[in-house]
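A.B. asks: Protein chains in written order, with numbering that gives the first Met the number 0: chain D, 0 to 325; chain B, 0 to 330; chain U, 0 to 322.
If you're looking for bench data, these hints aren't it; they were derived computationally from the structure. Nothing here was measured: the structure is a model prediction, and the numbers come from that model. Note that CB positions come from ideal geometry on N, CA and C, so glycine has one too. Hints are supplied without guarantee of correctness; some may be wrong.
[Claimed, not checked] To be clear about the criterion: a stretch of chain U counts as covered by chain D if any three or more of its residues have a C-beta under 8 Å from a C-beta of chain D, and this derived list gives those stretches:
#1 128-136
#2 143-151
#3 223-232
#4 262-274
Residue-level listing of the chains:
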Amino acid sequence: MSYLLRRIVFYIFTAWAAITINFFIPRLIPGDPVQALIAKEQGQLSTDAVHSLYVLFGLDKQQPLWQQYIDYLGQLTHGDLGLSFTFFPTPVSEVISSSLPWTLALVGVTTVVSFMVGTGMGVLAGWRRGSWVDLVLPVTTFLSSVPYFWFGLIMIELLAGPNSFFPSSGGYDPGVTPGFDIGFIASAVQHSLLPALTILISSMSGWILSMRNMMVTVSSEDYITVAHAKGLSDRRVMLSYAARNALLPNVSGFALSLGLIVGGTLLVEIVFSYPGVGFQLFQAVGAKDYPLMQGIFLIITLSVLAANFIADLAYLVLDPRTRKEG
Amino acid sequence: MAEPLLEIKNLNVDYGLGDEAVHAVSDVTLTLHRGEVLGLAGESGSGKSTLAYGLTRLLPPPGVVAGGEVIYHDPERGPYDVLSLTNSELREFRWAETSIVFQGAMNSLNPVHRVGTQLTDVIKAHDPKGSPHARVARARELLTLVGIPADRMDSYPHQLSGGMRQRVMIGMALALEPRVVIMDEPTTALDVVMQRQILGELVQLRERLGFSVLFITHDLSLLVEFSDRIAIMYGGRIVEEAPAKEIYTNSFHPYSAGLLGSFPALRGPKRELTGIPGSPPDLRAMPTGCAFHPRCPKSFEPCAQDLPVLGVPDAPGGSDRTVACWLHPVR
Amino acid sequence: MAISTVDLQAAAGAPAPSPKPAKRQKFRFISNGKTMTGLIILGFYVLLAIFGPMLAPYDPDARGSDLIAAPSSAHWFGTTHLGQDIFSQVLAGARGVVYVGLLAGLVATALAVIIGVSSGYLANTGGEALSALSNVFLVIPALPLIIIVASILPSVSNTTIGLVIGLTSWAWGARVLRAQTLSLRGRDYVDAARATGESTWRIIFFELLPNLTAIIASSFVGTVIFAVLSEITLAFIGVSDPTDWNWGTILFWAQSQQALAQGAWWWFVPAGLAIAVLGTALSLLNFGIDEIVNPRLRSSGRIKGKSVRMRIGFTPVLGKDNR
Chain D
0 MSYLLRRIVF YIFTAWAAIT INFFIPRLIP GDPVQALIAK EQGQLSTDAV
50 HSLYVLFGLD KQQPLWQQYI DYLGQLTHGD LGLSFTFFPT PVSEVISSSL
100 PWTLALVGVT TVVSFMVGTG MGVLAGWRRG SWVDLVLPVT TFLSSVPYFW
150 FGLIMIELLA GPNSFFPSSG GYDPGVTPGF DIGFIASAVQ HSLLPALTIL
200 ISSMSGWILS MRNMMVTVSS EDYITVAHAK GLSDRRVMLS YAARNALLPN
250 VSGFALSLGL IVGGTLLVEI VFSYPGVGFQ LFQAVGAKDY PLMQGIFLII
300 TLSVLAANFI ADLAYLVLDP RTRKEG
Chain B
0 MAEPLLEIKN LNVDYGLGDE AVHAVSDVTL TLHRGEVLGL AGESGSGKST
50 LAYGLTRLLP PPGVVAGGEV IYHDPERGPY DVLSLTNSEL REFRWAETSI
100 VFQGAMNSLN PVHRVGTQLT DVIKAHDPKG SPHARVARAR ELLTLVGIPA
150 DRMDSYPHQL SGGMRQRVMI GMALALEPRV VIMDEPTTAL DVVMQRQILG
200 ELVQLRERLG FSVLFITHDL SLLVEFSDRI AIMYGGRIVE EAPAKEIYTN
250 SFHPYSAGLL GSFPALRGPK RELTGIPGSP PDLRAMPTGC AFHPRCPKSF
300 EPCAQDLPVL GVPDAPGGSD RTVACWLHPV R
Chain U
0 MAISTVDLQA AAGAPAPSPK PAKRQKFRFI SNGKTMTGLI ILGFYVLLAI
50 FGPMLAPYDP DARGSDLIAA PSSAHWFGTT HLGQDIFSQV LAGARGVVYV
100 GLLAGLVATA LAVIIGVSSG YLANTGGEAL SALSNVFLVI PALPLIIIVA
150 SILPSVSNTT IGLVIGLTSW AWGARVLRAQ TLSLRGRDYV DAARATGEST
200 WRIIFFELLP NLTAIIASSF VGTVIFAVLS EITLAFIGVS DPTDWNWGTI
250 LFWAQSQQAL AQGAWWWFVP AGLAIAVLGT ALSLLNFGID EIVNPRLRSS
300 GRIKGKSVRM RIGFTPVLGK DNR
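Just need the whole structure built from these sequences, with the hints factored in.
C.D. replies: What follows is the structure, encoded as structure tokens:
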């Protein structure tokens, strides 16, 4: 599987690049943020904590750069992303692990659902040209250009309110304690409906358009004419011959746009004060909590890489030409 | 003479509608008989492929069938006009009675399905109640028929060579034992050696299974060897139609003579090659009168004014042929 | 955000159909309904950007006495919590947005062309290395990166933001251009040019680039969309300068002042609509380009007289209803 190997190597390389970028960024910050923090905490930091922060920020000027880099990598392998400034002295890894599941649930579910539903609708829209279907296009073009977060604001304005079913913010009711019980889960689901709907509507439009255009392009290929000539049923030609082929570039496109999707969903979290990684990043930026910002960036990047890899696997299954040896 | 099997009457096929319509096929009347190989020759843009695809309504947009009939003489159900069939009736008709061997097999096979699947799905579409086992067996039989090892059933199209893919197309076309097989430049994309090989195999298959062939190509020399009758198209019209031997030895239309002179035959004495000066007409701006007259070495007074109509010429031995040329007035 | 077909096909490695000769294309470009609409709207925005601040009835920063007032004849879009006129803010904001969008688009497209075409044309490890570089930048999520970089920088003027966005979002275009260059490289006229000894530079410039114009244009438009959205986002989060007016800043203030809770819908609706309409115009432009390169994408037009329904696989027969 040379294709697979090449992709794995690529992802390892990219992960390394992301880590390295992460390493260099804080070294561009003017001043010494660690000192500021130490001053704030008035000597309650343990020497270990101080040291790990210095390693993170490379402000230990006595060490040469490459040595700092090795230490940094070492810290990472222990899962030590440093200590958060705002939630001091909680380690960044702990802060992120409390918010990551929320984002994964929201983003993961909505992205996959919107891709599948959008692609499905795109198949239908691309197959039957003319009539009502073409009216859908301007609407979806507009919806796909709407910024997610603004759409979220509109949704809140229209659907949320003091007496409405949809809560306007938060991940769950303030009175409920987090846990794996029905009460909490129900509350969590209720709070995720509006953000999920926001993401779904805006991102689905994009997929409908892309798939529709690919279906139209594929419909003019010779093998579609052959399929019709064979007297196959309309459904079979549409699905097995056209959609199956039109899907391939869209899966690639999906993988590539994961980075963009992540960006959009972060904003939705901010608008809804949904307790995910995006919201945390927002707070971290406001508080200038560099370790947290860095940590979130790294986690997001690695997750996107992982998702890309899964999409590559899907592509491998879908397109037999990639399984060609050599 | 054998009975007619597929009768094309006054077929008109356009691209586009109304004033902007380009007449790709004009008033074509042609008959394919039982057990016969009818060759259809012409330069690129003469309308021969358009005719072939128009017969079973396979032309992509903006193609439109503007008029005419295509009468299929079904031995079991009697004659009917293919163009009047409903879409679902047409689906049943397609491939079962008339199939097509497409050219350029590179893109004619679905790249994401195995070859075996593409053979069985057409069998299933026309006989949904058949057993999967029988379908697979039939697919293997078809592959063997065209000289491909049956274990290639599970291959994907990109794993096969060009010649093998063309063979798969031929096998696929024979899957439902149609009575008419239309072949659209089946060997053009292949090298000469492979060309001869496949043509030879086609001859054998035809002798075994007895289907009629409408063989479309620009290579007249192939037709002379392979077909019983040849029809020549120019500018969307049939300009001559006669038994193959007559076309070769005694063609009436100057264009036929020009075509013959442009190709070296693979066998026979060496000839000096001539060509036909000029280029094929732009279908959107056809010459007045006979479409060929600007290039014709024998054009004379009526040629630029009036369009010659295809008919049986008033000439010795001319009863079994038709021509559209003022040199050979119609009876 | 919808991806144009040209991009999809190129990214999947299939050669996108090459556009017809440039001359005839210009007119088709203009006669395409989608591109016309997109260009008109775009032109309107550019005019707004140039003349906006002059046309604004009030100074966007000027405070007034009507606090959080609904739209009225004095204030078409209402006012903020400081009595500032939102209509003026929207007009003033156009300039920042268009400027950053164009700057980022130019920077990113220039980088995409240089890196993408070079990596497609150079057959050796240089090409592979550039390709790996663009893939890395492609996969790393752009928005978090931009947020972090922008929050570190000491000064965040419009120009800096534009540059940051441009320097981080070139990868998509580079990849598409690389795929297309690779497929064009194998074409006959390139071989011919090489055989006659044309220098690499001239080949790239005179043979390849003209055939890549559709993709470059599509990439530029896509980047501008992305740049506008990113810039609004940065302003909304509070990373960029809140005194520099752009539509994201308006939304920033709206959010921080709890406009929603106060029912002040006029605060955030116009700014968002402005963004959405601009985005739509750019998307229309992109789809228009798609349709030029791939004429089959055109939505079925009506042909005069009877409506004959064209359908792939079933050629219509005039005078018969085959349904």
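A.B. asks: If a hint holds in the structure, say so; if it does not, say that too.
C.D. replies: We went through each hint and held it up to the structure:
Under a criterion of three residues with beta carbons nearer than 8 Å to beta carbons of chain D, the stated coverage of the segment 128-136 of chain U is upheld, 3 such residues being counted. Counting residues of the segment 143-151 of chain U whose C-beta sits closer than 8 Å to any C-beta of chain D gives 7, which meets the bar of three, so the coverage hint holds. Using a Cβ-Cβ cut-off of 8 Å, 6 residues of the segment 223-232 of chain U lie near chain D, which meets the minimum of three, so the contact claim holds. Counting residues of the segment 262-274 of chain U whose CB falls under 8 Å from any CB of chain D gives 6; the rule of at least 3 is met.
Every hint from the earlier list agrees with this structure, and none is contradicted.
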